[in-house]
Each structure stands twice: as structure tokens, then as C-alpha cells.
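K.L.:
Take a look at the letters that make up each chain.
2 protein chains.
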Amino acid sequence: MELGHSAVLQKTIRWPLGVRADLLMGELRKDYLTDRLVIISEERARRPTDFKTAGKLRPKAKCPFCPGNESMTPPAELVLFQSGDARLVLEGEEAEHAQSWLVRTFKNMFPVVSTETAVKHRRGPLFREPAYGYHYIMVATPVHEQAFSEIGVEQWVNVLRSLQHMVKWLYRREGVSQVIPFINHGEEAGASLLHPHLQIVTLPLTPPLMEQEVHAMERSFRETGLCPMCSILRMESRGVRRLIATRYFASFCPWAPTHSFEYWIWPKRHEDDFLEAPLEELTDLALIMKSTLTGMSESLKQPPFNLIFHIPSAEATSAKVHWHVEVYPRLAKWAGLERGARVYVNQVSPESAARVLRETSAKELSRLVKNSRLN
Amino acid sequence: MELGHSAVLQKTIRWPLGVRADLLMGELRKDYLTDRLVIISEERARRPTDFKTAGKLRPKAKCPFCPGNESMTPPAELVLFQSGDARLVLEGEEAEHAQSWLVRTFKNMFPVVSTETAVKHRRGPLFREPAYGYHYIMVATPVHEQAFSEIGVEQWVNVLRSLQHMVKWLYRREGVSQVIPFINHGEEAGASLLHPHLQIVTLPLTPPLMEQEVHAMERSFRETGLCPMCSILRMESRGVRRLIATRYFASFCPWAPTHSFEYWIWPKRHEDDFLEAPLEELTDLALIMKSTLTGMSESLKQPPFNLIFHIPSAEATSAKVHWHVEVYPRLAKWAGLERGARVYVNQVSPESAARVLRETSAKELSRLVKNSRLN
Numbered sequence: 006m007e008l009g010h011s012a013v014l015q016k017t018i019r020w021p022l023g024v025r026a027d028l029l030m031g032e033l034r035k036d037y038l039t040d041r042l043v044i045i046s047e048e049r050a051r052r053p054t055d056f057k058t059a060g061k062l063r064p065k066a067k068c069p070f071c072p073g074n075e076s077m078t079p080p081a082e083l084v085l086f087q088s089g090d091a092r093l094v095l096e097g098e099e100a101e102h103a104q105s106w107l108v109r110t111f112k113n114m115f116p117v118v119s120t121e122t123a124v125k126h127r128r129g130p131l132f133r134e135p136a137y138g139y140h141y142i143m144v145a146t147p148v149h150e151q152a153f154s155e156i157g158v159e160q161w162v163n164v165l166r167s168l169q170h171m172v173k174w175l176y177r178r179e180g181v182s183q184v185i186p187f188i189n190h191g192e193e194a195g196a197s198l199l200h201p202h203l204q205i206v207t208l209p210l211t212p213p214l215m216e217q218e219v220h221a222m223e224r225s226f227r228e229t230g231l232c233p234m235c236s237i238l239r240m241e242s243r244g245v246r247r248l249i250a251t252r253y254f255a256s257f258c259p260w261a262p263t264h265s266f267e268y269w270i271w272p273k274r275h276e277d278d279f280l281e282a283p284l285e286e287l288t289d290l291a292l293i294m295k296s297t298l299t300g301m302s303e304s305l306k307q308p309p310f311n312l313i314f315h316i317p318s319a320e321a322t323s324a325k326v327h328w329h330v331e332v333y334p335r336l337a338k339w340a341g342l343e344r345g346a347r348v349y350v351n352q353v354s355p356e357s358a359a360r361v362l363r364e365t366s367a368k369e370l371s372r373l374v375k376n377s378r379l380n
Numbered sequence: 006m007e008l009g010h011s012a013v014l015q016k017t018i019r020w021p022l023g024v025r026a027d028l029l030m031g032e033l034r035k036d037y038l039t040d041r042l043v044i045i046s047e048e049r050a051r052r053p054t055d056f057k058t059a060g061k062l063r064p065k066a067k068c069p070f071c072p073g074n075e076s077m078t079p080p081a082e083l084v085l086f087q088s089g090d091a092r093l094v095l096e097g098e099e100a101e102h103a104q105s106w107l108v109r110t111f112k113n114m115f116p117v118v119s120t121e122t123a124v125k126h127r128r129g130p131l132f133r134e135p136a137y138g139y140h141y142i143m144v145a146t147p148v149h150e151q152a153f154s155e156i157g158v159e160q161w162v163n164v165l166r167s168l169q170h171m172v173k174w175l176y177r178r179e180g181v182s183q184v185i186p187f188i189n190h191g192e193e194a195g196a197s198l199l200h201p202h203l204q205i206v207t208l209p210l211t212p213p214l215m216e217q218e219v220h221a222m223e224r225s226f227r228e229t230g231l232c233p234m235c236s237i238l239r240m241e242s243r244g245v246r247r248l249i250a251t252r253y254f255a256s257f258c259p260w261a262p263t264h265s266f267e268y269w270i271w272p273k274r275h276e277d278d279f280l281e282a283p284l285e286e287l288t289d290l291a292l293i294m295k296s297t298l299t300g301m302s303e304s305l306k307q308p309p310f311n312l313i314f315h316i317p318s319a320e321a322t323s324a325k326v327h328w329h330v331e332v333y334p335r336l337a338k339w340a341g342l343e344r345g346a347r348v349y350v351n352q353v354s355p356e357s358a359a360r361v362l363r364e365t366s367a368k369e370l371s372r373l374v375k376n377s378r379l380n
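Just so you know, the protein sequences line up as chains A and B, in that order.
Taking our numbering, the leading residue of the first sequence gets 6, the next gets one more, and so forth.
Taking our numbering, the leading residue of the second sequence gets 6, the next gets one more, and so forth.
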């Protein structure tokens, strides 16, 4: 009955709870019977944190994400920096030498996936494969104490340009089936360091939620010839759950949100492709992100939140699935029903949530478009 | 675009955030494209809590679940009490008069489902149906400050007898497709009151996780004629992920756990039926529950946790799905990857977790079986 994973028992760790054990990492496992995917990554328990288990905030003396402390992280692999009036991207070894960066991207020191995983595919009844992949950190601003909602439109464009670059690059790598960029903001949302940053994780297979989107889209195309997401967007961008819209994007609270005040941002056009979006569209996206993040922060008093990009690979995009952004404020706990049955109790209807978020987001949008510099 | 749910706008609420809105409750909605189920229950925001948003513990002056305070809750519908040497169950109106109860069950004042929901089934592209059902509270002990791990075997038998009674009764009601008993222990796990209690929620449809279990079992029976859960149990009750076993039950850390130190308790026999389990089996279950809950508490220093019973209706049980218990310690936060892609990162492999939990659980089991009274 021994599983023979001794090859990946690498280091010894002492958990906060005083439990000692050898490290196992780099396994992607599937549940016996359901679609639950689990990455076993014991090394990740060693990562630094600004937070203590007691829930008290204890900022680190020296933030590894701040300018000047670059040596505390792995070398940069992509940097966006200012040069005169231009903003330039440098990648590879050259990136590390860029002065006064605006966005800096490097490998996560405590990755949940790795290109050096030792785990082999498992034959037999238990599904296991190497948790093969890339895990990057993208520092979203040089300013440590800036909140995500305080990041200006121009800087969001810098972040989105860097992100587009990284996602495109990652989708060209071997063994990458899905690239998932996301934000954990605030301790409640799973953040361990305060300085605003994104994470980008790649997976060797399509995760359950994205796979279900693809299946549902395919079925609808096959049966009706229509894109269901286009119909949903047409409906939601005018209805009681709409937030604000820009030239290329619409934001709305979804019909069955798993989080109170959850909202989504979708491109309006079916053929839109994040990987090929021109600067004008990225600026438009930055505008609606800044407006709605500020709207959420003002309505809900800077809540912790997760933000996740659903970006399919170029092939998948061109035919079927709209790429999009989902934002989950973290106001309530998921308890037994959510975790044990996947039934979510939401104390705020999306119709109520939209009424609140629409007003504050629209106010911020109108403030932004009055400024020529969009900051 | 108005959804016309004015019939269910009943009361006005002020959220902690200062947002005012009319109440919408009693809707069960399905996501546009995926299997996510959401109950919209705005009235639930009004429920009392021992906890504040700041995360500070503030016990209520008077606990509605304590003996003597019964008038603070709806009338009891099922009570288990001591009479001489015997333990008796009373239900209906008579239950309210039982003195010195050991287990007391009544309707949740802030239910997530209701038999009086005003929502109508929705025609059209957006799935909606009434969140029709029952939501009960079962107080697990008269002793306010007792931890779940401190509840003795005899008292666990009382709880399990009451639970068996309630689940059986609920499965006989109209519009009940699934009965879900669960425990939220500790603020991190979503509990709002400290006094140890279970919740029992019924749903008018089978929730995604249970439905996937059923489908996987049916497929396996069709293709191989074998019960996959029997094979899993045979393997796990001897392997590196085993915890302890009693005459009728085996406990183990599952192959792909979504929580660190997650463990499951399964009946060993395929034909086992919680609804018809005799007292001997319930006592055996109480023994393994008490042993593993104590093991978990000692290993992990009283962690917050969720415990959920997967109990199919009698028809489903007899043929296919094993009923079982799942326990999730809440040591880490679910962040963007978990919530946005349904990919779970686990810093403790079940093999490591089992090594830790096995030792403390076995110690408690051996302590318990040395005592004649099993307390």
C-alpha cells in the first residue's frame, strides 16, 4: 500500500502547529469520484507571511516586493519601466538591470507548481500527475502602501500589458494547458504579503470550472449555433444586475453569485482575444477595472477580495470561450454547506449588490473620464 | 429586464456595511454555465452572532442554546432526554415540555431554505426555483462551554440517534431531495454561535458534490459491476492514509483532500444504511467520531472545522452510495485558485496528515475502550 513517493520527499518542515514531517510537493491529484483537483505542495508551508495565525497584521520590516529590495526575490523575468515618455518591456536577463521599474515579474519562491517536479504519472485507480507548471509573481506597483483601488488607469495599463505578455509567453510553453492570473487581496482572501501583486499559475490540464465553461459553450454552439455568453451579456448589460460599461467591456453582478457583491467584467465582442488586444482595448479594460475596484472599495470599505482572469489559450478563444475577469469580495465565510456540498448561501442578491456597486462605480468612471491623464 | 421578484421583497435590512436594501430570500439559483448552486437568502444577514467582523470573540450575555433559555428559540420539535436509566425521544408539541434535555432540535430562526418561500419557478434561460426546504438546529449538548471533542461517546450516541430520527423524518417530506447535516465549529469555519450545535438543511435537488458521487458510482457499477467505494475503502483502510477503524467503520485521510488534515469516516459494509443503523452501530460510530475528533483537537490544537454528513435518501442508499462523514479542519484560506478555478492547494499531504492524526486518534480510542462507560 506504500505509494512510493520517496523520490519527492525532499526537505523536513516544521508546521506552525509544531508538527514535523518530510516535504512532499509537486503532485496534482484528482478526487476518487468527483472533479475536485488538488495540488499537494508541502514546501509552500515555508513561505513568508505578513500575517500571523492569530489574525494580527504584522508587516515585515523589509518588503521583498519594494524597489531596492530586488535581491530578496528571484531575478526578474519581465520588467516594464519608464524611459523618457515611453514605457518599455524588457525580458530575460536584461530585465534585471532595468532601473525604476513600474511592473516587475519573477518566479514565485514558494510555487504551487514547478517545472522540476519529480512526481511521475501514476497508473492505477488513483489519478496523479506531476503538478507541472510555472508560478510567477507580478508586482503591480512600486508603491508598497497603494491599495489596488488606488492604482491609476495608466499603471493598470502597465500591469495589463505585462500580463498579456506573460500569458502569451506561457501559453507557448510545453505542458501548459491553462494560465490562471489572479489576485488575493487582504488576509481574509488568502494574501500573505501586503504589497499589491498578482500571481500567475499554469496548470497541465484544464481546471474544473474552466472546463465546465467550455463544455457549456460547446453544447450551446452545437445545439443552437449561438454563443450563450453573447446572450447572457446582451441581457445583463441592460438589466437590473448591470454595473457600468465602457466601449469594449461590460461589468455586471452575475445571476447566481457565490459571493456577496461578486461582479464580472466581460468583453462585449465575441471575437475578443485578451492575448491580441491592442493598447486601446487594454486602456479601456484598465478604465473599467479601476472604476469598479474603486466602486467596490467605496461601497464596502476596502474589503478583502479575490480577482481571477479566465483566459483560455488562443485556439480556444478564437472559436468559443469569452475571456473575462471575476471579482469576489470576501465578506462572508464559506462553511459546511459551501465546502461540503458546493451549495453557496449568499446574503446579498446580485440585484441589490448591483444597485450599490453601480452608483459608486459610475461616479468613479465619470471622475476618471474628466481627467485627461486618467489617474 | 426587471425580474419581477417584488413578491419576495419583504423587509428592509441594514447590512453591517451600512448598505440598506429590501430583502430577497428563498431563491435557489444555478449559474449560467456551470454546476454552481446558490441560495439567495438576504434575511440570513439578520442572524445574531457571537463574533464581530473585526474577528474579536464577543460571547453573547445569554446563549439561546443553553438550558433555561429555551424561550429564545422556536419551540423544540425533537428532544432527547433522560428518564431514570432510559433515554427517550419526544417529538412534536410534547417535545417542548421535556425536562433536562440532552439533545434539543428546533427550527433555525434564520433559515437558508424555507417551506414558505414565495419564489416561483422561473421559465427562461436563467434557472431559478424556490429554495424550498427545512433548516433545523440541533443543540449537541446542554453544556455551553463543551468542545465537540469533549462530548462523550454516550452523548454522541444521543446526538446520532436524534440525527437519525430527524433525517428519516425529513426524507419522508415532500420536496426534499437531499438532507444535509453539518457542523460549523469556530468562527473561521463559519460558526456564528459558540454553543456546540449541528445544522440540518434540506434541498429540493441533489447538490453538485453529491450528484457527482452518485454518477461516479453508477458509472462504475454499469461498467465493472463493482462498487468503487468498496475498492477505495479496502485500499485506504490498510494503506498509509488510514487512521483508525472500529467494528463497523473505517477512518482515513482521502487521496486528494481539499483541506489540510481532512479525514473521512465510512461504514465498512456496502449495504450499510444510516437511516436504519441499530444502536450498536450508532455507538460504534460515536466511538470513532469521538476518537478522531479528539485526535484532531490534540494534534492541531482545537482547530476550527466543518463536519458534513453525506446521507443519501433510503432508496439511493440501498443500491449504490455509501453514506459517510467528511471532516475539514480550517487551517488555511481558500484564495483565488480555489475559489476561481476550483483547484485546491494543500500544504499537507494526506500521507503526512494521517501519520499525525492516526497516533492521537488511536491513543484516544484505546483510552475510551478501557472505560466501561465510554466517556
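FYI, nobody ran anything at the bench for these hints, they're computed from the structure.
Mixed in with the good hints, there may be bad ones.
All copies of an identical chain are treated as equivalent in the list; a pair is satisfied when it fits inside any one copy or across any two copies.
Cut-off 30 Å, straight-line C-alpha distance, at most; resulting in silico cross-link-like pairs (DSSO-like, lysine-lysine) [said to hold, decoys possible]:
| hint | residue 1 | residue 2 |
| --- | --- | --- |
| 1 | 338 | 306 |
| 2 | 306 | 35 |
| 3 | 35 | 273 |
| 4 | 35 | 338 |
| 5 | 306 | 173 |
| 6 | 375 | 112 |
| 7 | 368 | 273 |
| 8 | 67 | 273 |
K.L.:
Which of the listed hints are not met by the structure?
P.N.:
Violated hints (numbers, rising): 5, 6, 8; every other hint is consistent with the structure.
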